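One line per chain: the protein sequences are A and B, in this order.
Residue numbers for the first sequence follow our numbering, beginning at 641 and rising by one.
Residue numbers for the second sequence follow our numbering, beginning at 641 and rising by one.
Be aware that a few hints might be false.
Copies of the same chain look alike in the list, so a pair counts if it fits in one copy or across any two.
[What the hints assert, rightly or not] For lysine to any residue, the following SDA-like pairs were computed, each having C-alpha atoms within a straight-line distance of at most 20 Å:
| hint | residue 1 | residue 2 |
| --- | --- | --- |
| 1 | K853 | H840 |
| 2 | K752 | A810 |
| 3 | K752 | F886 |
| 4 | K731 | D871 |
| 5 | K811 | R705 |
| 6 | K853 | Y751 |
For the record, the hints were derived by calculation from the structure and aren't laboratory data.
It should be emphasised that the depicted structure is a prediction, and the values quoted were computed from it without experimental measurement.
There are 2 protein chains.
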Amino acid sequence: MTSETSDTVTAALLVIGEEILSGRTRDENVGYIAAYLTRIGIALREVRVVADVEADIVEAVNALRERYTYVFTTGGIGPTHDDVTTDAIAKAFGVGANVNADAVAAMRQHYKSGELSPARLRMARIPEGAELIHNAISRAPGYKLQNVIVMAGIPRVMQVMLDEVVPRLAKGRPIISRSVRIDAPEGDIAPPLGALQAAHPEVQMGSYPFFEKNRLGTHVVIRAADEASLDSALSALWTVIAEEGFEAVPADDEPGAS
Amino acid sequence: MTSETSDTVTAALLVIGEEILSGRTRDENVGYIAAYLTRIGIALREVRVVADVEADIVEAVNALRERYTYVFTTGGIGPTHDDVTTDAIAKAFGVGANVNADAVAAMRQHYKSGELSPARLRMARIPEGAELIHNAISRAPGYKLQNVIVMAGIPRVMQVMLDEVVPRLAKGRPIISRSVRIDAPEGDIAPPLGALQAAHPEVQMGSYPFFEKNRLGTHVVIRAADEASLDSALSALWTVIAEEGFEAVPADDEPGAS
Chain A
641 MTSETSDTVT AALLVIGEEI LSGRTRDENV GYIAAYLTRI GIALREVRVV ADVEADIVEA
701 VNALRERYTY VFTTGGIGPT HDDVTTDAIA KAFGVGANVN ADAVAAMRQH YKSGELSPAR
761 LRMARIPEGA ELIHNAISRA PGYKLQNVIV MAGIPRVMQV MLDEVVPRLA KGRPIISRSV
821 RIDAPEGDIA PPLGALQAAH PEVQMGSYPF FEKNRLGTHV VIRAADEASL DSALSALWTV
881 IAEEGFEAVP ADDEPGAS
Chain B
641 MTSETSDTVT AALLVIGEEI LSGRTRDENV GYIAAYLTRI GIALREVRVV ADVEADIVEA
701 VNALRERYTY VFTTGGIGPT HDDVTTDAIA KAFGVGANVN ADAVAAMRQH YKSGELSPAR
761 LRMARIPEGA ELIHNAISRA PGYKLQNVIV MAGIPRVMQV MLDEVVPRLA KGRPIISRSV
821 RIDAPEGDIA PPLGALQAAH PEVQMGSYPF FEKNRLGTHV VIRAADEASL DSALSALWTV
881 IAEEGFEAVP ADDEPGAS
């Protein structure tokens, strides 16, 4: 992508959970995290969803942490037998995982002393070398081990962990974008849009068809690293729209708005 | 997993689309496809989301098609410059991609002759050796090349393609499941549930916490390949619930219901 610079900060997201793959639970975390990272200047490049199977998690974590600045994971850090993420992360890094005193102290704020059972203390097991990510809701922490950020799967808990860890992360310049909704099918827009992209290599033009009231339309999204490039390409797009006689309106360009 | 048998049919899903990674569009296809495949006896084992970048798609397709019975892809088969899926699939298989006469014939049912522009004819380019997957909505076909099934990204179009291709696929015995909603946090349920799983290795027990009205609760899902195993494990779960004094109710166990 032309908006890539040497200081681009990239990320992958690894969603851990059999319930997503079986279709039982509709994932809510991917869209939230994608929009969040885009806003703060971290480019999400890849998402993977795997089951709660240690070997699968180890393989995915090791593939992704080599390739991207950060790897975020969600899920599998609870107290039950099918929560295997911490063992997998420890194995991926070749370290042990032990009950962490700071994690226990945090959990004591939430649980009465009798409630801190061996099962719950599993949630205080943290891989060696990791720093904790506190969560104000249920207190059992996530953690950051080198460039891998391990979070809960429950959306509200994941969200407080993300807020907590983000100040510690490097960020790039946020990619900015503008969208235009064109009431014409992609096939009509493709030739002038292809020419426009070729003439504006400094921006990235995406074309997203939709199907509404039995008619096909297209959202065109222009992404750029700076306002001047964005404005120039957007102005050229509106010229093309007028020349071609398309009906079009500016569309909401906030990440997560579509 | 203990429900695995030699005739288990597995799948991966590859979602292709920058708009998902930027957070602009919330994916609707993963949950739909996951629930659909589960119902018909195809076990979805992995999902990946990558951008519209040829090299990334080639790498993911080649990794996944070696590993699973089927690979489903969504997105990137439209007429615009950022639709690179067909070139990537052809490259992954080391074959060419040419305008396919049957695909053009199908598209003539939808487009007037003057509308079949070079841009639209890009949608009739099909990798050599692939069989078409017709779509009654916009006519531009998907296709199946060996074990890789290439579909559109627009949910309604993807859905008709899925209906069209599924009769041609091998299916295993559908995994059946029952869910119980327990109004207790996972930490309280973990010890008896772990013991129950150990006593019933023929089923898979999953535990999914939720956070509702400021209280933590847990859905326990039991999955099995046959009714007898399922009933036996479910009955044992209800015994444990009574012994522990948990409040619990049967929950909807349809894939996609949560």
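Results of checking the hints against the structure:
no. : hint         : verdict
1   : K853 to H840 : neither (33 Å within a copy, 51 Å between copies)
2   : K752 to A810 : neither (37 Å within a copy, 53 Å between copies)
3   : K752 to F886 : between (65 Å within a copy, 19 Å between copies)
4   : K731 to D871 : neither (48 Å within a copy, 36 Å between copies)
5   : K811 to R705 : within (17 Å within a copy, 35 Å between copies)
6   : K853 to Y751 : between (53 Å within a copy, 18 Å between copies)
When each numbered hint is compared with the structure, violations occur for hints 1, 2 and 4.
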